[in-house]
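Chemist: Which chain is which? The protein sequence lines are S and U, in order. The opening residue of the first sequence carries number 27 in this note's numbering; numbering runs sequentially from there. The opening residue of the second sequence carries number 114 in this note's numbering; numbering runs sequentially from there.
No lab work stands behind these hints: they were computed from the structure. Remember, it's a predicted structure, so these values are computed and weren't measured experimentally. One or more of the hints may lead you astray.
Label pairs and their computed distance ranges (CB to CB) [stated by the list, open to error]: (1) U:Leu343 to S:Gly268: 55 to 63 Å; (2) U:Leu211 to S:Ala271: 21 to 29 Å; (3) S:Asp404 to U:Phe143: 46 to 54 Å; (4) U:Gly159 to S:Glu202: 52 to 60 Å; (5) S:Glu282 to U:Ser253: 55 to 63 Å; (6) S:Pro300 to U:Gly288: 18 to 26 Å.
Glycine is no exception: its CB is placed at the ideal position from the N, C-alpha and C atoms.
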Amino acid sequence: MKLLKDKVAKLSFVALLAASSAAMLYTPTAAAHGEKSQAAFMRMRTIHWFDMNWSKEEVKVNDTMTLSGKFFVFQGWPETVDKPEVAFLNVGEPGAVFIRQGSWIGGQLVPRSVSLELGETYEFKVLLKARRPGDWHVHAMMNVQGGGPIIGPGKWTTITGSMRDFVNPVTTLTGETLDLETYNLENTYFWHALWYALGLAWLAYWIRKPMFIPRSIAIESGKANTLITATDRKVGMAFVAGTIAIVATAMTSTNEKYPITTPLQAGLLRGMKPFEMPAKTVTVKVEDATYRVPGRAMQMTLKITNNGDSAVRLGEFNTASVRFLDSAVLEDTTSYPDDLLAEDGLTVSDNSPLAPGQTRTVQVTASDAAWEVYRLADLIYDPDSRFAGLLFFFDEAGKRQMITVDAPLIPVFI
Amino acid sequence: MSASQSAVRSRAEAVKVSRTFDWMILFTLFFVVLGGYHIHYMLTGGDWDFWTDWKDRRLWVTVAPIVSITFPAAVQACLWYRYRLPFGAVVCVLGLLLGEWVNRYLNFWGWTYFPVNFCFPSNLIPGAIVLDGIMLLGGSMTLTAVVGGLAWGLLFYPGNWPIIAPLHVPVEYNGMMMTLADLQGYNYVRTGTPEYIRMVEKGTLRTFGKDVAPVSAFFSGFVSIIIYFLWHFFGRWFAGTSFVSSENI
Ligand SMILES: [Cu+2]
Numbered sequence: 027m028k029l030l031k032d033k034v035a036k037l038s039f040v041a042l043l044a045a046s047s048a049a050m051l052y053t054p055t056a057a058a059h060g061e062k063s064q065a066a067f068m069r070m071r072t073i074h075w076f077d078m079n080w081s082k083e084e085v086k087v088n089d090t091m092t093l094s095g096k097f098f099v100f101q102g103w104p105e106t107v108d109k110p111e112v113a114f115l116n117v118g119e120p121g122a123v124f125i126r127q128g129s130w131i132g133g134q135l136v137p138r139s140v141s142l143e144l145g146e147t148y149e150f151k152v153l154l155k156a157r158r159p160g161d162w163h164v165h166a167m168m169n170v171q172g173g174g175p176i177i178g179p180g181k182w183t184t185i186t187g188s189m190r191d192f193v194n195p196v197t198t199l200t201g202e203t204l205d206l207e208t209y210n211l212e213n214t215y216f217w218h219a220l221w222y223a224l225g226l227a228w229l230a231y232w233i234r235k236p237m238f239i240p241r242s243i244a245i246e247s248g249k250a251n252t253l254i255t256a257t258d259r260k261v262g263m264a265f266v267a268g269t270i271a272i273v274a275t276a277m278t279s280t281n282e283k284y285p286i287t288t289p290l291q292a293g294l295l296r297g298m299k300p301f302e303m304p305a306k307t308v309t310v311k312v313e314d315a316t317y318r319v320p321g322r323a324m325q326m327t328l329k330i331t332n333n334g335d336s337a338v339r340l341g342e343f344n345t346a347s348v349r350f351l352d353s354a355v356l357e358d359t360t361s362y363p364d365d366l367l368a369e370d371g372l373t374v375s376d377n378s379p380l381a382p383g384q385t386r387t388v389q390v391t392a393s394d395a396a397w398e399v400y401r402l403a404d405l406i407y408d409p410d411s412r413f414a415g416l417l418f419f420f421d422e423a424g425k426r427q428m429i430t431v432d433a434p435l436i437p438v439f440i
Numbered sequence: 114m115s116a117s118q119s120a121v122r123s124r125a126e127a128v129k130v131s132r133t134f135d136w137m138i139l140f141t142l143f144f145v146v147l148g149g150y151h152i153h154y155m156l157t158g159g160d161w162d163f164w165t166d167w168k169d170r171r172l173w174v175t176v177a178p179i180v181s182i183t184f185p186a187a188v189q190a191c192l193w194y195r196y197r198l199p200f201g202a203v204v205c206v207l208g209l210l211l212g213e214w215v216n217r218y219l220n221f222w223g224w225t226y227f228p229v230n231f232c233f234p235s236n237l238i239p240g241a242i243v244l245d246g247i248m249l250l251g252g253s254m255t256l257t258a259v260v261g262g263l264a265w266g267l268l269f270y271p272g273n274w275p276i277i278a279p280l281h282v283p284v285e286y287n288g289m290m291m292t293l294a295d296l297q298g299y300n301y302v303r304t305g306t307p308e309y310i311r312m313v314e315k316g317t318l319r320t321f322g323k324d325v326a327p328v329s330a331f332f333s334g335f336v337s338i339i340i341y342f343l344w345h346f347f348g349r350w351f352a353g354t355s356f357v358s359s360e361n362i
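Build the full structure now, drawing on both the sequences and the hints.
Modeler: Written as structure tokens, this is what we have:
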């Protein structure tokens, strides 16, 4: 029994040491490479990012770049994920390598959380200012309360220069211009050092005399009252009175120095302005859809009807930020990230222009290693094995329209 | 062990050994408390203590004192009743703050580059000194809980205000008003801490208008009293010797 108790004691000591080092080593999550491990249906059936643009591939410290594009809030939002009634437009990057100087949805600044509507498309823009040199994978990202982060496509961006040169000047409403990177730092160190020193002084007063064994013996033998001397009491009173006095004067002088302060600002932003997409004249019905596991290809049978007045062709299938293009119809000119672009990944059994008023049933194959690399194939292991994506059709004048598809997916293993 | 077999041969040697023992216990106490208290505070106070844009007038003021009076109460119980040493609260808070500063400086700043002016810890020392002072002067658990616990809650906000006030100066930013602290939270991207999980300025104290901080501080003080009692008894129980089988200790 004794042995057991010793062991328990030893183990709890080790656990405490581990806990203390764990606490001191805690680092807030900064890395942004969860994109591939996120469930495929989360990426395919929630937010569809398109028309993405990273304005620069190389940025100097203190220079800015913009990350812009559109996102479609999928109307077939999965039941297992909370609807984006409270969502926050974020940036997926490893820590604040870029600072976010501004972010807008439909022209409205969104430093706070917003409410988004299913079935709507929104235009967004994030202005980023380079801070820390290195090669960084920069993503658009939407955090959804109850749903977690929904990561958009990421692109490698290089920041050059030195972080030491980074400045973040801000002008307050009281007319003061300051550098938010280092502002208030000395004041913080000063007060923490002062109070820490006072705490140490209190401790030092008590530990200069013998502590545990003699005091314990005195208490055991009924002489507890002799342990606190009159001087001890005076010192105690001085410390208590001094502490209260310092807190009170510091409070007063701070209020004199900063007469104008406001509470932290918070609150949900509603009524985000959606982006008006061109009217749809094409209808698509998914007859069936299969995913061929050995061939890393998804095949769908689509019944396409053109109700417009110009012949159309299918140019792109976009799902989970992977773009499958038919290069005969559409070529990417935005230098979209290579790993997410299948320039010739879309094969349509008959992609000749579909004349107005006509209906045609075609076999569409989207094949690329991205199915595996981005673990989209894992879709077949999801609880609700459906796929979803965006189809982009182009008419004779090059005008684009976006059609969403959402259908069950059958895996083919042989 | 009988007296004839004592490990020390003279009084001077006994004093020396006892003193060595003092330092060993104090050292161990400091780091064990640092570890336990730090983990506890991170799990319960967490983001409220990490980021300036969480340090509001309602929830931070309420939550931080309530969850931080725990270890000081327990360690005080042990150190006062067994040794009449009134530095339990201060030793805890010194440990906690050392651990926090190491973490914030080396990890938040050194590893993930969040500016220190955005992720420094809250100051708990004024409350700790007063809590220990009251234990010393009153010598009573009930008095320390009631007066000290209330003071713990009340001193928290004013004790931190000189540090955070400069960050509550308003700015106009792209057509919106925010404080510098809000702006820090917006500028310095936290991938894992989206804006909506920030619990600030929420609650039902609207009728108090702008004077909400003192109300929150009083409420926090009252709950701190209860938590003090609870953790004081944890401390008493933990400092007991009934774990050890030998009868004469
Ligand atoms: Cu990435």
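Chemist: Determine whether the Cβ-Cβ distance between S:Glu282 and U:Ser253 falls within the hinted range of 55 to 63 Å.
Modeler: violated (38 Å)
Chemist: Return holds or violated for the Cβ distance of U:Leu343 and S:Gly268 against the range 55 to 63 Å.
Modeler: At roughly 30 Å between Cβ atoms, S:Gly268 and U:Leu343 fall outside 55 to 63 Å, so the hint is violated.
Chemist: Should the hint that S:Asp404 and U:Phe143 are 46 to 54 Å apart at their CB atoms be regarded as holding?
Modeler: holds (49 Å)
Chemist: Range hint 18 to 26 Å: satisfied by the CB atoms of S:Pro300 and U:Gly288?
Modeler: Holds, at about 20 Å.
Chemist: For the range 52 to 60 Å, tell me whether the beta carbons of U:Gly159 and S:Glu202 fit it or not.
Modeler: violated (32 Å)
Chemist: Range first: 21 to 29 Å. Now tell me if the beta carbons of U:Leu211 and S:Ala271 are that far apart.
Modeler: holds (26 Å)
The structure is inconsistent with the numbered hints 1, 4, 5, although it conforms to all the rest.
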